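Novice: The chain contents come next:
There are 2 protein chains.
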Amino acid sequence: MSIENLGFETINLGHGSGGELTRDLLDKIIFKTFSNPYLDQKHDGSIVQIDGKMAISTDSFVITPIFFKGGNIGELAVHGTVNDVAMCGAIPKYLSLAFIVEEGMQVSEFVKVVESIKKAADESGVLIITGDTKVVERGKGDKIFINTTGFGAMHPKANISVQNIKEGDAILVNGFIAQHGMAIMSEREGLEFESTIESDSTNLNYLVNDLLDEFGDKIKLFRDPTRGGLGTVLHELANDVSVGVDLREIDIPLEKQVAAACEMLGLDPMYVANEGVFLTVVDASIKDEVLALMQNDTKGKNAAIIGEITLEHPNKVVMQSLIGGKRIVSPLVGEQLPRIC
Amino acid sequence: MSIENLGFETINLGHGSGGELTRDLLDKIIFKTFSNPYLDQKHDGSIVQIDGKMAISTDSFVITPIFFKGGNIGELAVHGTVNDVAMCGAIPKYLSLAFIVEEGMQVSEFVKVVESIKKAADESGVLIITGDTKVVERGKGDKIFINTTGFGAMHPKANISVQNIKEGDAILVNGFIAQHGMAIMSEREGLEFESTIESDSTNLNYLVNDLLDEFGDKIKLFRDPTRGGLGTVLHELANDVSVGVDLREIDIPLEKQVAAACEMLGLDPMYVANEGVFLTVVDASIKDEVLALMQNDTKGKNAAIIGEITLEHPNKVVMQSLIGGKRIVSPLVGEQLPRIC
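Going down the list, the protein sequences come from chains X and B.
Read left to right, the first sequence gives residues 21 to 361 (this note's numbering).
Read left to right, the second sequence gives residues 21 to 361 (this note's numbering).
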């Protein structure tokens with residue numbers, strides 16, 4: 021989009037007034053970018069036809085910096101919610117989109133974010149159907165916060181429920197962990213590594229859909245370890261269902277460079293945020309087929325079976341370490357990396 | 021809710037980490053307050069059964085101050101979205117709820133907001149089914165921003181569409197305008213009036229539902245003039261449909277005290293925000309019955325027929341003033357009152 025003819029270079033309070041300037045911002049940037057029959061009604065809301073079960077998920081994105089290696093807050097806001105809907109066993113279809121912009125934000129940056137949202141939404145197969153734009157005074161926000169709420173139709177074969185989890189079930193992840201968190205961290209600290217660490221921000225809905233097509237109710241759980249990382253999600257799982265989790269450190273996909281960066285900064289990759297990783301718990305009988313399907317997909321080529329469900333130590337996540345010992349993966353207390361998503 | 025045993029008095033960055041502190045905040049305040057079968061799944065999203073057409077609307081609330089005469093940001097976040105769904109001709113059923121909290125917010129204030137949300141949701145007949153909580157550093161937010169996204173089933177008799185609007189249709193509002201904006205303004209400026217001006221923040225869904233039950237597709241439009249006020253919404257209507265609007269100033273419900281406050285501050289009540297007002301465009305044949313139904317309801321007791329649709333001056337809103345002259349109601353440019361919702 022050319023921003024030269026917009027007539028404004030920064031977002032100001034008037035763009036959040038609900039009056040002419042708001043309409044100007046919407047018409048010239050938002051409606052123009054996302055135009056579709058739902059949004060074009062320009063009503064207070066949108067009307068969609070749904071039949072059956074629907075998954076709904078919401079997330080606000082407050083990441084800083086808003087542009088980072090491998091992505092920006094716009095695409096993250098799409099991927100994050102698309103993935104949360106997919107984790108319910110649903111096929112994402114619609115997103116709402118709400119901005120809180122800090123007065124003085126450059127329109128060039130705003131447009132870049134909006135265009136990223138459009139691209140990520142197209143790639144994920146979702147439509148932006150309704151939205152909202154607010155502007156707060158300088159110093160009362162931080163450039164831009166984005167909320168997306170996602171809606172998807174449940175996959176007909178999905179029967180996702182932690183209640184179905186039993187001893188011996190296999191735990192898999194689709195790829196390298198801790199990439200997103202370390203990309204943001206290196207950006208913030210201005211760290212240079214041998215090669216650039218990029219965020220893994222991506223949409224996981226197609227791979228999840230393929231898994232459900234193929235394996236249906238033998239898949240017991242999908243969960244994406246974003247904030248809090250893999251360790252926190254596994255710990256929650258163990259406690260929600262009162263089962264134990266056995267992990268093998270050697271099998272957890274972790275890039276050397278990310279491992280080195282974590283060590284340097286004193287961070288445990290088990291608690292570092294991901295934006296393109298999911299874990300799944302599946303019946304042991306299909307684990308190798310699930311692994312093969314995942315490895316055959318660009319979003320799962322580094323997939324691995326990382327552990328099993330056990331009843332030997334309920335509520336505990338136990339990791340067999342690289343050097344052979346065992347340690348308990350405790351829950352994350354406090355904050356490892358603020359504003360990571 | 022007693023906040024003495026929570027173990028924390030302020031919200032800190034750890035409450036947004038996704039780890040133990042986040043779980044603590046959710047379990048002790050959020051899940052405890054809103055407990056219902058959807059939310060209790062504690063999954064990434066919620067699964068609901070829908071059949072047919074559904075209206076979806078999203079809004080972020082950034083109002084300051086967060087507590088004001090007649091309401092607070094919590095109930096506003098419920099009413100605002102419930103009303104937007106109702107304006108589509110739908111019956112609101114579910115809300116998502118996402119917080120962006122500034123580090124250092126008092127837990128006592130947070131709990132007060134959460135409890136208001138619960139009360140307003142109960143009164144409006146909607147369930148909070150999924151949510152999100154983020155925390156930003158001190159100085160990067162302003163106490164609390166709230167996003168709600170609402171879902172409602174379309175009323176079976178609704179056929180809301182600006183395309184159905186024709187010459188002679190009557191325009192009604194349900195009550196006094198400009199109350200919300202002037203309540204916030206007097207709060208900010210520390211102004212004292214003879215009696216307190218209170219926000220009109222309330223849910224309009226039951227009255228809208230009753231109107232649809234009774235008059236079905238003879239109702240052509242509902243719209244709530246929040247940001248930008250009645251003038252902006254009427255101006256948008258005129259331009260979206262290429263019709264003219266004739267208004268009679270004498271018929272527009274405006275409390276004396278609010279009128280005086282507007283005059284004192286140099287504000288035009290036509291552009292001041294409302295949070296409990298809606299306008300409706302109806303077939304001329306039913307206008308008196310519609311008025312009677314509205315006046316019979318606590319949310320519409322000050323309802324009035326304020327004007328008509330005309331083809332004489334398309335795209336223009338023309339007001340017959342109190343002293344008999346006519347003036348054009350131009351669109352609001354810029355910002356009259358920032359952060360009013």
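By construction, these hints were calculated from the structure, which means they are not laboratory data.
Here the structure is a predicted model, which means the values were calculated and not measured.
Any given hint might turn out to be false.
Example chain X residues on the side facing chain B (calculated, C-beta under 10 Å, incomplete) [to be verified]:
no.	residue
1	23
2	52
3	63
4	157
5	169
Some chain X residues well away from chain B (every beta-carbon gap over 12 Å; in silico) [to be verified]:
no.	residue
6	29
7	68
8	166
9	218
10	230
11	255
12	313
13	336
Glycine is no exception: its CB is placed at the ideal position from the N, C-alpha and C atoms.
Novice: Each hint should be assessed against the structure and marked as holding or not.
Specialist: Results of checking the hints against the structure:
no., hint, verdict
1, 23, "20 Å, violated"
2, 52, "17 Å, violated"
3, 63, "6 Å, holds"
4, 157, "7 Å, holds"
5, 169, "4 Å, holds"
6, 29, "16 Å, holds"
7, 68, "6 Å, violated"
8, 166, "9 Å, violated"
9, 218, "21 Å, holds"
10, 230, "19 Å, holds"
11, 255, "9 Å, violated"
12, 313, "22 Å, holds"
13, 336, "15 Å, holds"
Hints 1, 2, 7, 8, 11, counting from the list given before, are not met by this structure.
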